[in-house]
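A.B. asks: Residue numbers (numbering that gives the first Met the number 0), protein chains in the order written: chain S, 0 to 314; chain H, 0 to 252.
Hints are computed from structural coordinates only; laboratory data are not their basis.
One or more of the hints may lead you astray.
Under the rule of at most 30 Å between Cα atoms (straight-line distance), these lysine-lysine pairs were calculated in the BS3-like manner [stated by the list, open to error]: (1) S:Lys213 / S:Lys49; (2) H:Lys198 / S:Lys215; (3) S:Lys12 / S:Lys215; (4) S:Lys99 / S:Lys49; (5) S:Lys270 / S:Lys181; (6) H:Lys198 / S:Lys12.
Covered stretches of chain H (in silico footprint by chain S; criterion: 3 or more residues with CB under 8 Å from a CB of chain S, positions within the stretch not fixed) [to be verified]: (7) 60 to 74; (8) 162 to 174; (9) 180 to 191.
Predicted model only: the values in this text are computed from it and were never measured.
Where a beta carbon is used, it is the ideal one built from N, C-alpha and C, also for glycine.
Read off the chains here:
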Amino acid sequence: MSAYESSELEAIKNLKQIAREEQILPGTAICGGCGGLEALRLAAKVLGEKTVFVNAAGCFTLLAVFPYTPLKGSWLYTNMASASAGAQGVRDALDVLIEKGKLTRDEDVNVVVVAGDGSTYDMGLSSTSAAIFRELDFWYFCYDNESYGNTGVQMSSATPYGARTSTSAVTPASREGTEHGKKNLFEIWRAHRPPYVATVSARYPVDLTNKFLKAKTLKGPKLFIAHAPCPTGWLYDPEQTLSYSRLAVDTGIFALKEAVNGDVTHTVLPKRHRPVEEYLAGQGRYRHLFEPERNERALALIQEQVDRYWEAVSQ
Amino acid sequence: MAAFTRIAREAILERGAMEHPALVVVADETLVDEPASAPLAGRRDDTPVLLNVNAQSARQLSVPEPVFRADFTAMAIAATGRLSSLSTALAAAASRLSGLDEEHCRAGIDAELAGELASRDELESNLALAHDVYTLASDWTAVAWPDDADESDVVEADLVDLGLEPPCRAAPSIYASANSPARHTGNWRQYRPVLEPDKCNRCWLCFVWCPEAAITLDENEFPTVDYDVCKGCLLCAHECPTDAFRVERELGA
Ligand SMILES: Cc1ncc(C[n+]2csc(CCOP(=O)(O)OP(=O)(O)O)c2C)c(N)n1
Ligand code: SF4
Ligand code: SF4
Ligand code: SF4
Ligand SMILES: [Mg+2]
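Starting from the given sequences, assemble the full structure and let the hints guide the process.
C.D. replies: If you want it as structure tokens, here you go:
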């Protein structure tokens with residue numbers, strides 16, 4: 000039972016209202032300081048024990064490996080392209096069992112896809128699009144570590160411009176590393192008109208918690224993109240995970256927002272954004288933009304894109 | 000071997016698991032007794048083992064001779080200030096044991112790290128670390144490269160052979176619930192966060208942000224770290240607004 004069930008769905012106001020009970024226990028093979036796990040752990044506290052996670056292959060597949068599971072609830076492993084199809088199967092089965100009286104409404108569970116960006120932005124986009132189209136009553140949690148992390152940090156369509164990965168190396172011909180910009184997943188999902196789309200960051204645990212609480216009141220596809228700093232892939236020391244969560248929001252690179260039935264609200268609006276360089280500079284994946292000499296063009300481009308985004312927001 | 004590097008004078012034309020290593024490097028002594036890692040599996044009677052030990056730890060390990068022990072972690076931290084240069088220290092020790100002279104080792108470190116490190120200074124401190132290791136290891140005898148065809152002296156490892164199973168058996172269902180804390184990831188720790196309660200203002204931040212759920216709050220809302228599972232990422236110590244966590248080198252996880 001989640002601690003949030005008694006105070007049913009009231010937004011929390013401060014950190015100390017976050018549930019003390021854990022839903023994802025320690026002892027897994029996930030890297031120390033994993034930003035994605037930090038966000039998922041907070042989300043799971045709201046989702047509670049009556050949850051089945053439907054996982055697409057990725058780092059978090061290592062959460063539940065025989066004979067161990069960190070979960071009080073359930074877990075279903077699917078493949079990279081079809082976690083949402085898996086969620087459809089589970090949801091349909093639950094509905095049929097409830098209709099036949101073999102499960103009581105009380106025994107119903109949240110069906111929650113947990114998938115990385117490679118699966119979410121690339122391989123599984125089609126099955127997710129279909130699930131949203133069918134108005135499937137499910138949750139989707141994408142921990143966005145901006146690469147195919149589990150297989151050695153290859154570029155995905157969520158890898159930002161200027162980041163180095165093992166398949167977007169820095170070479171004399173390509174000084175930026177990744178040359179393309181990140182797909183705008185929030186807008187891709189929003190264009191499907193699901194009841195809820197949100198971005199979340201462990202930077203603001205109360206905002207994260209409240210978005211999950213709000214989504215509990217909505218039936219249909221509920222989608223979350225979690226900023227997921229990754230010490231292993233982004234090349235920084237694990238203790239700095241929160242620093243990069245903080246800087247991503249404070250520089251405006253990661254916008255915290257939600258769309259309820261399509262209407263977008265920014266839930267955290269910093270008065271003044273810090274320069275993007277503060278976010279980029281310490282991460283090994285961006286080091287080539289600073290050393291051996293500064294790539295002024297690339298740095299200016301990243302700043303411009305962020306500025307343009309927030310100008311559009313303030314209009 | 001879970002992770003390995005092949006080194007040979009001639010072209011390496013094979014891939015896949017390494018069955019009989021000529022040299023075993025154990026970067027973390029706590030893995031020696033871990034059945035899941037079994038770093039000593041497949042060694043021969045006389046295969047040298049390079050073992051990174053914690054000089055201050057009282058742990059007794061039974062690793063058969065020939066074994067070369069040193070606290071490479073302490074050497075790395077002393078030379079470069081960074082734990083990650085443990086790789087440099089171990090690479091230098093392994094080169095020394097393989098019979099490479101120091102110049103070649105330096106060239107290798109230069110080629111490998113030049114693109115990775117932020118500054119020439121960092122590279123220099125890594126080269127100095129390699130030199131420290133070569134000095135320490137000056138009287139070590141180099142590895143005698145065994146003839147791969149001869150497997151008569153391979154030490155049988157006490158392992159269960161899993162073989163190839165159909166997916167339903169190879170990836171069985173888990174019927175237990177929340178049993179992962181039985182796996183003690185505490186031995187991942189290089190550093191230990193230790194709470195100094197009188198500095199703690201009970202703000203909950205470390206509890207909220209520990210990715211592992213390794214911190215619980217007691218009845219007075221003081222955080223308690225579960226050292227059986229804490230991975231030592233030090234996020235808690237880094238984020239604590241009052242610096243209530245002292246950070247100590249891990250001695251006995
Ligand atoms: C169809 C398919 N292609 C490739 C793989 C190999 N694979 C396993 S995990 C992974 C990376 C997934 O990246 P992402 O979804 O971003 O999750 P992350 O590993 O970053 O957590 C890949 C490519 C696979 N399992 N299935
Ligand atoms: S590689 Fe990154 S995302 Fe994957 S488990 Fe490690 S820290 Fe987390
Ligand atoms: S973050 Fe620091 S001050 Fe806050 S509860 Fe933890 S130890 Fe105490
Ligand atoms: S070091 Fe990391 S895993 Fe250990 S208690 Fe602190 S935040 Fe949690
Ligand atoms: Mg990823």
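A.B. asks: Out of the numbered hints, which ones does the structure contradict?
C.D. replies: 2, 7
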